[in-house]
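Visitor: Take a look at the letters that make up each chain.
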Amino acid sequence: MKTKKKPLKIVVAGEGGQGVQAIAEILAEAAYEEGRQALYIPNFGVEQRGGVSIAFLQIGDQPIGAPKFETADIVVALNARAVLRTRQYAGRQTILVYDNLAEVKGEDLPRQAARILSIPALETAKRELHPRVFNVLILGAVIGATGVVTLDNTKKALEKRLGYKFEHDPKLRELNHRALERGVELLGQVIQGGKEQSGELRAHN
Amino acid sequence: MTGLSESTSANRPAARAGSSATIPVPGEKRVFMTGNEVVAWAAIAARADIMYGYPITPQNEVMHYWTRLAPKFGKEFLQTEDELAAGFTTIGGVLAGKKAFTATAGPGNILMQEPASMAEMMRLPVVVVIMQRGGPSTATVIYSQQEVILTTFGGNGEGFRIVYSTSGLQELYDYTIKAFNTAWRYRFPVFVLADGYQAKMREPLTIYDPLARGMELVPPEQYVGRPGMPGVDRPPGHYRNTYNTEEELYEILQGHVQEYERVAPEIMEHESLETEDADLLIIAHGVVGRAAKQAVEQLREEGLKVGCFRPVTLRPLSAGALRDAVSRAKRILVVESAYGQLGKLVRDALCGLVVEMFSLYKPGVGVTPEEVVIRSKELIA
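These protein sequence lines are chains A and B, in that order. Terminal number for the first sequence in our numbering: 213, no gaps in between. Terminal number for the second sequence in our numbering: 415, no gaps in between.
If we strip away everything but chain B, and leave its shape as in the complex, we get (with noise of 0.2 Å):
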């Protein structure tokens, strides 16, 4: 394995003398593993510091792993108390110019909304990965996609955070980077949202160094404690997550409301396939969408116009592609392993367009591509 140094990245403020080890990370390498493995391994490729946690399935061995590779490379790791304290450390992180993030599920992901709200008032770069559980409360272990709203919206605010949906263990080890990047880039924060079925399998996969592909890595920049006499030497850093007016607060969410809005084009991804003349168009996101994309497959085979479309970012929605694709559509059919939760996104998106909507709403429970293929059919026929 050629190792490649962490000093080839030397416009990293944040590289130091602990953090010299060489990445791990071989300029191109195809292993097996599960999900939670892959994060620890994307984490250390994107030049994570530090990742704070509290334990939940499925997302533990997310910080086994971490804790595993993290003092091979000077990276740290800090165990808190729950996952109010994981979220507030990671603020403390970022604020202290370092590439931190969390990894939590379920009940966990609801106490990281309130840390998570504080990071989108403070535009904070927090990253945290989510690998949903049944819900509500403690239900399973197991896997869900029923903390999409939660996730896009769960704060008490307006919902400036960007979230990606991932289908598999590529897409989790790619965006995994990404997201370092986009939260640095853009300064909000940035979910990456799996599940526990991409937590606990193991599939093939490529981990790379990112610089190895000339790819970009953002570097962090300290909040407090830069150098110089505030007010005299640089502008003083107003970090403020409380507001004494009523318009004070209203500027201040107006700027991060144009802010959020300019950057949400650069950000909006999305896959689809077979859309252009599909007679029904399946809505589906994450590890779903792979169910989704089978079913096509097999009712193209049988001659059936079907497409999919697969939001990326469920926030920023990537709306205007969606409108696109539905307009062209008689009919959409929705698949979740919840009930209604993107169900909900897609509607808003599409507000104002007529075309008939179907779901196929399963939650808590994994969808097969089988039962999509019978509920197209249906609605087909």
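Just chain A, same shape as in the assembly (with noise of 0.2 Å):
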């Protein structure tokens, strides 16, 4: 789909805190391990916490042009306002990933967007994992509807960022792993319309 030249754009948004960064930053990481051209850069703010959060992420293999852009191929938001936020970043071409549990209203969903697919990952993480690695299974899922980095090389890159912590509770990589590798399944069966789906995927166009 994509030709040589073209990275894929991706926009991760949520409410600070929802650790929006850290999954743009680790899948920057992962691609950089890759050897592979990437740019990340935080829509940042005077607020401390709170409000909507937003990553940039470019990642190809010629360098990147400008920071920012205009049209994403990946649109993923975590939350409600994280939706409306973001709708500017959705064209045809684009994927919309959002949190099942964001009261989005139909009306603040894009329109124009290629898909729109509803994942429940609060839900999963709540449910058989641990509140704490959401973010985790939603980089899981962004790998899952990409492809663009490795499920070893994002491991990598996640060891680098936490592997500090998991030294000291081995579990919590084991967590992390899990968390990530459920990410990319849920996507899977958002995407085949599996019967354990509990996420909904509508076409567009």
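Simulated from the structure, these hints should not be mistaken for lab results. Check the hints yourself; a few may be wrong.
Not everything, but these chain B residues come out facing chain A in the computed CB check (under 8 Å) [what the hints assert, rightly or not]:
1. I176
2. M235
3. E255
4. K378
5. P403
6. R409
7. K411
8. A415
No more than 25 Å apart at the CA atoms, straight line, and that leaves these computed lysine-lysine pairs for BS3-like [unchecked claim]:
9. B/K378 with B/K364
10. A/K164 with B/K63
11. A/K134 with A/K179
12. B/K396 with B/K378
13. A/K113 with A/K134
14. A/K173 with A/K163
15. A/K163 with A/K179
16. A/K168 with B/K106
17. A/K13 with B/K106
18. A/K179 with A/K168
19. B/K63 with A/K168
20. B/K132 with B/K106
21. A/K179 with A/K164
22. B/K364 with B/K396
23. B/K364 with B/K411
24. A/K14 with B/K339
25. A/K14 with B/K411
26. B/K396 with A/K163
27. B/K411 with B/K339
28. A/K134 with A/K173
29. B/K364 with A/K13
Heads up, the beta-carbon is just placed ideally off N, CA and C, and yes, glycines get one too.
Please assemble the complex out of the two chains, which come individually in their own frames, going by the hints.
Guide: As structure tokens, this is what we get:
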């Protein structure tokens, strides 16, 4: 789908504190570890917490151009406000992934998007894992949706970022890895519309 | 990581016992880091001795990383009470013969202009890194290119300073190192002008030890406290920023003007892309240059004759090269995240030429390649 020249453009948005920037940073780090080109930039403001936090990420094979862009290939929104805030980045080729617990009004969804996928990420994190790894599960979903980096390199990037915590508590590493893998699965299930699917898949056009 | 001993730069008078620790920058290393971190590493690689600073977003992490790195290599840091003090202590460091620098942004850059003017008057090689944020006033902590006029001509003087505008993190590393060399070689204050995007974004770059690449690092020299009796063993050092008569000031400034104009051609830098046969010439600097470059690539693919001129030095501006490129074009389009600041510099440089000038001015916000493409097509159609 992508020509070699054009990088994959990703927007991740959520409430400040949901780990949005960590998702983008780890993805960027994983891409860098793979020897690819990556540019990550956070959208930051004066607030210490709260407010919609947005991360812009581009991954490609050629040096990346301008740090921000108008239309993303994939938009990941972790709550209702983030869906609304990131609508402007959705074009006709864009895939929007959002959490199914986000109370999104139908009219707030970007109608023009190619695909809109709602996944039970928070629910799954709470039920099967731990709410803390919600963002890692989302990270897995992004990898599942794009295949932009490998699971192995993402684990390496996670290690680089959280390795010092994993050393103290190896169970934490296991938890994060499970969240990552579960995220990949979850998106696969949603896309394939399998039995366990608790999200929905809608295609516009 | 192979360390490199600081003692290899034995010709460096300021090398002290405390700074004999190995420089951690390897021969060459591919890294993935933010611009603020890049500046701190570049200053270490340039063998800077001390940073003075006061926190302001988006440059805070320059200080954070420097204070992490500095103690390991016998480097020093002083946090001052504001940017005026940060600027004047940087001057103090320079007078004492240290490679001293500071970093600031926005309102901090305004306060920095008073010490910067003093550095111009006294010909002091201070290095200042600017991460532009939105203005006027506190505005945003995020990004802009609105500190161009302030940084090039912000003092109560003639702008005897050098301003490098970087477009990405590799350049931020390269030009931060270069800034120290330019400052100490020519004895004018040097600014590295970046922005909040470059401060906060992460991208791959190669960091290196300039000495391992065979680059020269211009050694600092003491201004005050040199050995010998002034006027007997050595000429006295007159470092003045106050003059009693108009004529006296005029004479000194004539010297500054001549020296600045003499060295300017050696300092001027620019990048041009597809300018030879361009009907439309896009002029942009810094990170916006990347959007312009992408736009040119796309428009060329569509068979449109568009080129891009990116001044790297905003002061002194490569006016000759710019006039040359513009004289071949039918129209020019100035693109910047400000309302005509680069536009002013460009108009000044082009005075006398006849060309249609258009703009895409977006004060305080980023410019995407898509917008540049759309605006360019309007002008070509």
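Visitor: Does each hint hold? Answer for all of them.
Guide: The hints, checked one at a time:
Proximity of B/I176 to chain A holds as hinted, the smallest CB-CB distance being about 7 Å (cut-off 8 Å). Hint on B/M235 holds. Least Cβ distance to chain A is approximately 4 Å, under the 8 Å limit. The restraint placing B/E255 at the interface with chain A is violated, with a minimum CB-CB distance near 39 Å, outside the 8 Å limit. For the restraint placing B/K378 at the interface with chain A, the shortest Cβ-Cβ distance is roughly 23 Å, beyond the 8 Å limit, so the hint is violated.
Annotation: B/P403 was flagged as interfacial toward chain A, and the flag holds, the nearest CB pair being 5 Å apart, inside 8 Å. The beta carbon of B/R409 is not positioned within 8 Å of any beta carbon in chain A (closest approach about 13 Å), and the interface hint is therefore violated. Of the supplied interface hints, the one on B/K411 is violated, with its beta-carbon coming no nearer than about 15 Å to a beta-carbon of chain A, more than 8 Å. With 8 Å as the threshold, the beta carbon of B/A415 stays out of range of chain A, its nearest partner Cβ sitting at about 21 Å, so the hint is violated.
Taking the CA atoms of B/K378 and B/K364, the gap is near 19 Å; set against the 25 Å cutoff, the hint holds. Restraint check for A/K164 and B/K63: satisfied, since their Cα atoms lie roughly 19 Å apart, inside the 25 Å limit. Pair hint A/K134 plus A/K179 holds up; C-alpha atoms about 17 Å apart against a cutoff of 25 Å. Note on B/K396 and B/K378: the hinted pairing holds, with a Cα-Cα distance of about 15 Å set against a maximum of 25 Å.
Annotation: proposed proximity of A/K113 to A/K134 holds, straight-line Cα distance about 23 Å (limit 25 Å). Of the supplied pair hints, the one linking A/K173 and A/K163 holds, its CA atoms being roughly 14 Å apart against a limit of 25 Å. Annotation: proposed proximity of A/K163 to A/K179 holds, straight-line Cα distance about 14 Å (limit 25 Å). A threshold of 25 Å between alpha carbons decides the hint, and for A/K168 with B/K106 the separation of about 22 Å falls inside it, so the pair holds.
Among the hinted pairs, A/K13 with B/K106 is inconsistent with the structure: their alpha-carbon atoms are about 42 Å apart, more than 25 Å. Among the hinted pairs, A/K179 with A/K168 is consistent with the structure: their alpha-carbon atoms are about 16 Å apart, no more than 25 Å. Between B/K63 and A/K168, the direct Cα distance comes to roughly 17 Å. Compliance with the 25 Å bound is thereby established for this hinted pair. Proximity of B/K132 to B/K106 is assessed by CA-CA distance (about 18 Å); at most 25 Å being required, the pair is judged to hold.
Distance restraint check for A/K179 and A/K164: the Cα-Cα separation of roughly 16 Å lies within the 25 Å cut-off, and the hinted pair is therefore satisfied. The suggested pairing of B/K364 with B/K396 holds, with an alpha-carbon distance near 23 Å, which does not exceed 25 Å. Annotation: proposed proximity of B/K364 to B/K411 holds, straight-line Cα distance about 14 Å (limit 25 Å). Of the supplied pair hints, the one linking A/K14 and B/K339 holds, its CA atoms being roughly 21 Å apart against a limit of 25 Å.
Taking the CA atoms of A/K14 and B/K411, the gap is near 21 Å; set against the 25 Å cutoff, the hint holds. At most 25 Å may separate the alpha-carbon atoms for a hinted pair to count; B/K396 and A/K163 exceed this at roughly 40 Å. Between B/K411 and B/K339 the CA atoms are separated by roughly 11 Å; this keeps the pair inside 25 Å, and the hint holds. The straight-line distance between the Cα atoms of A/K134 and A/K173 is roughly 21 Å, inside the 25 Å bound, and the hint therefore holds.
Restraint check for B/K364 and A/K13: not satisfied, since their Cα atoms lie roughly 30 Å apart, outside the 25 Å limit.
Taken one by one, the earlier hints fail for this structure at numbers 3, 4, 6, 7, 8, 17, 26, 29, listed in ascending order.
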